[in-house]
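Peer 1: In order, the protein sequence lines correspond to chains A and B.
Numbering-wise (full-length UniProt numbering), the first sequence opens with residue 1 and increments by one.
Numbering-wise (full-length UniProt numbering), the second sequence opens with residue 1 and increments by one.
Source of the hints: derived by calculation from the structure; they are not laboratory data.
It is possible that part of the hints are untrue.
Here are the simulated distance ranges between beta carbons [unchecked claim]:
| hint | chain 1 | residue 1 | chain 2 | residue 2 | range |
| --- | --- | --- | --- | --- | --- |
| 1 | B | Gly51 | A | Ala52 | 32 to 38 Å |
| 2 | A | Ala60 | B | Gln228 | 33 to 39 Å |
| 3 | B | Gly16 | A | Val39 | 50 to 56 Å |
| 4 | A | Tyr34 | B | Leu45 | 28 to 34 Å |
| 5 | B | Ala55 | A | Arg4 | 46 to 52 Å |
| 6 | A | Cys125 | B | Leu204 | 31 to 37 Å |
| 7 | A | Ala42 | B | Arg76 | 50 to 56 Å |
| 8 | A | Leu103 | B | Ala65 | 19 to 25 Å |
| 9 | B | Leu88 | A | Trp55 | 47 to 53 Å |
| 10 | A | Pro118 | B | Val48 | 19 to 25 Å |
Glycine is no exception: its CB is placed at the ideal position from the N, C-alpha and C atoms.
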Amino acid sequence: MIGRLHQRFRALRVTLWTLIVPPTGWAAHFLFSYLWAAVRCAKTGRYVDAPAIFWGGTAAALLVILASGWIAWVQARTPGDHPPHEAGTDSDRLRFLAYATLLLAGLSVIGVVFTALPVLFLRDCR
Amino acid sequence: MRAGTSRRGRLAIVLGTMALGGCNHHQSVFAAFGEEAAGINYITLVMVAGGMIVAAGVAGLMIWAVRARPGALSLRGGERLILIAGGLIPALVLAALLVFSLPYMRPRGVAPADLRIDVTGEQFWWRVAYRPSDGTAVVSANEIRIPVGRTVLFRLAGGDVVHSFWIPGLAGKMDMIPGRTNDLPVRATRAGRFRGQCTEFCGLSHALMAFDVVAMPAEAFDRWLAAQRRPAVASADPGAALFLRHGCGGCHAIRGTAATGTIGPDFTHLAQRATIGAGTLPNNEAARLRFLREPAAVKPGARMPAYPQLPETEARAIARYLGTLQ
Ligand SMILES: [Cu+2]
Numbered sequence: 001m002i003g004r005l006h007q008r009f010r011a012l013r014v015t016l017w018t019l020i021v022p023p024t025g026w027a028a029h030f031l032f033s034y035l036w037a038a039v040r041c042a043k044t045g046r047y048v049d050a051p052a053i054f055w056g057g058t059a060a061a062l063l064v065i066l067a068s069g070w071i072a073w074v075q076a077r078t079p080g081d082h083p084p085h086e087a088g089t090d091s092d093r094l095r096f097l098a099y100a101t102l103l104l105a106g107l108s109v110i111g112v113v114f115t116a117l118p119v120l121f122l123r124d125c126r
Numbered sequence: 001m002r003a004g005t006s007r008r009g010r011l012a013i014v015l016g017t018m019a020l021g022g023c024n025h026h027q028s029v030f031a032a033f034g035e036e037a038a039g040i041n042y043i044t045l046v047m048v049a050g051g052m053i054v055a056a057g058v059a060g061l062m063i064w065a066v067r068a069r070p071g072a073l074s075l076r077g078g079e080r081l082i083l084i085a086g087g088l089i090p091a092l093v094l095a096a097l098l099v100f101s102l103p104y105m106r107p108r109g110v111a112p113a114d115l116r117i118d119v120t121g122e123q124f125w126w127r128v129a130y131r132p133s134d135g136t137a138v139v140s141a142n143e144i145r146i147p148v149g150r151t152v153l154f155r156l157a158g159g160d161v162v163h164s165f166w167i168p169g170l171a172g173k174m175d176m177i178p179g180r181t182n183d184l185p186v187r188a189t190r191a192g193r194f195r196g197q198c199t200e201f202c203g204l205s206h207a208l209m210a211f212d213v214v215a216m217p218a219e220a221f222d223r224w225l226a227a228q229r230r231p232a233v234a235s236a237d238p239g240a241a242l243f244l245r246h247g248c249g250g251c252h253a254i255r256g257t258a259a260t261g262t263i264g265p266d267f268t269h270l271a272q273r274a275t276i277g278a279g280t281l282p283n284n285e286a287a288r289l290r291f292l293r294e295p296a297a298v299k300p301g302a303r304m305p306a307y308p309q310l311p312e313t314e315a316r317a318i319a320r321y322l323g324t325l326q
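Put together the whole structure using the sequences plus the hints.
Peer 2: The structure is reproduced here in structure tokens:
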């Protein structure tokens with residue numbers, strides 16, 4: 001089952017666009033957080049009485065980033081050319097892009113968590 | 001000049017200035033007289049200490065890395081070191097410092113019975129209105145008094161342009177924006193005379209837009225506020241009539257007289273204030289005379305006309321009269 005999935009992952013195309021999926025998820029979550037707080041405060045004047053939307057958005061962002069990180073992790077292990085995997089071949093380029101995506105996913109998870117933490121502590125709109 | 005001594009001399013000046021900075025007791029976060037500023041002071045210390053520990057750790061690792069024999073780490077070991085020391089530990093340390101600091105962002109709770117003080121930033125002075133819970137208002141300017149040990153809510157607004165309200169020893173700073181109000185709840189912990197300052201560039205005399213803050217024991221404050229409600233005592237002083245005749249009352253109010261202007265600071269109890277011109281000059285007769293003669297010479301861009309044409313005796317009489325407004 002997982003093996004099949006990994007086969008599928010390896011067949012996916014890796015481009016500079018897939019590389020920026022995790023940081024884009026982080027940026028979207030950042031924007032979402034600000035919009036959510038601003039709209040809530042402007043409309044109701046109260047801060048966290050139903051943060052379900054916020055935690056839903058946060059979970060969605062984390063899901064996208066983790067999924068992209070997992071795919072990248074599998075792709076970065078694609079068998080092919082010999083180590084040290086730094087030649088200009090297709091397989092080495094794939095490994096490089098996938099590994100960079102994986103590192104960005106790690107950073108983006110931390111970014112999203114740090115952005116979301118204040119909601120646990122803030123209690124009103126001031 | 002010999003380079004050695006001058007360098008040492010310069011170092012002494014730098015260190016001496018830094019040490020003397022610690023002597024600032026009237027306008028400094030490090031001389032806190034309020035709970036909010038004490039909290040800011042504390043998290044600053046913890047953050048600086050945390051940063052120093054991290055810096056020391058990084059420096060230690062760098063020394064080790066420079067001294068280590070080639071091959072001291074296996075490929076696996078090196079990768080693990082980067083993952084743990086370069087990724088996990090920094091993320092956890094930063095998360096811990098973040099979680100530690102976040103509760104300090106919660107503003108203090110305010111009850112309806114708490115004293116509210118409306119402060120409006122004007123070019124280049126402060127309009128102040130005390131609003132106790134009984135609904136009345138006591139108008140003043142350029143000096144703010146607060147009771148020790150009670151919650152006070154500052155409601156801040158901008159009268160013309162954006163200003164920023166900062167009493168470093170009491171709380172963090174907050175912007176004063178035309179068209180909206182910002183709330184800053186505070187609680188003073190010790191009595192004394194302190195200083196606040198505008199911290200958003202607002203025009204030529206921005207740097208001369210300061211104010212005195214007097215924290216008083218609660219009972220003394222209540223007595224003071226009750227006395228502030230009184231209008232000025234009717235005065236036969238020739239200065240009183242001159243003040244009205246020359247139109248000062250079109251901009252400055254003295255409650256209980258025909259002077260009801262609200263364009264400039266309220267003068268009902270002017271003589272109680274320690275400074276004039278929003279913390280710029282001491283409040284004495286010579287300084288008042290100088291200010292009313294040519295405000296822009298004291299505060300460039302000040303929004304008060306100059307009175308060079310006033311006869312000297314009349315200008316003096318007005319300056320003296322303002323000193324009787326207890
Ligand atoms: Cu200013």
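Peer 1: If a hint holds in the structure, say so; if it doesn't, say that too.
Peer 2: Against the structure, the hints come out as follows:
At about 36 Å, the CB distance of glycine 51 of chain B to alanine 52 of chain A agrees with the hint of 32 to 38 Å. A C-beta distance of roughly 56 Å is found between alanine 60 of chain A and glutamine 228 of chain B, which places it outside the suggested range of 33 to 39 Å. For the pair glycine 16 of chain B and valine 39 of chain A, the beta carbons lie near 53 Å from each other, so the given range of 50 to 56 Å is met. Remark: the range hint 28 to 34 Å for tyrosine 34 of chain A to leucine 45 of chain B is upheld by a beta-carbon distance near 30 Å.
Here the CB-CB span from alanine 55 of chain B to arginine 4 of chain A is close to 49 Å, well matched to the stated 46 to 52 Å. With their beta carbons about 35 Å apart, cysteine 125 of chain A and leucine 204 of chain B fall inside the hinted range of 31 to 37 Å. For alanine 42 of chain A paired with arginine 76 of chain B, a C-beta distance near 53 Å keeps the hint of 50 to 56 Å intact. Our hint of 19 to 25 Å for leucine 103 of chain A and alanine 65 of chain B holds, since their Cβ atoms are close to 21 Å apart.
Range check, leucine 88 of chain B to tryptophan 55 of chain A: about 25 Å between beta-carbon atoms, so the 47 to 53 Å window is missed. Checking the proposed 19 to 25 Å range against proline 118 of chain A and valine 48 of chain B shows it holds: the Cβ atoms sit about 22 Å from each other.
Hint compliance for this structure: hints 2, 9 are broken, all remaining hints hold.
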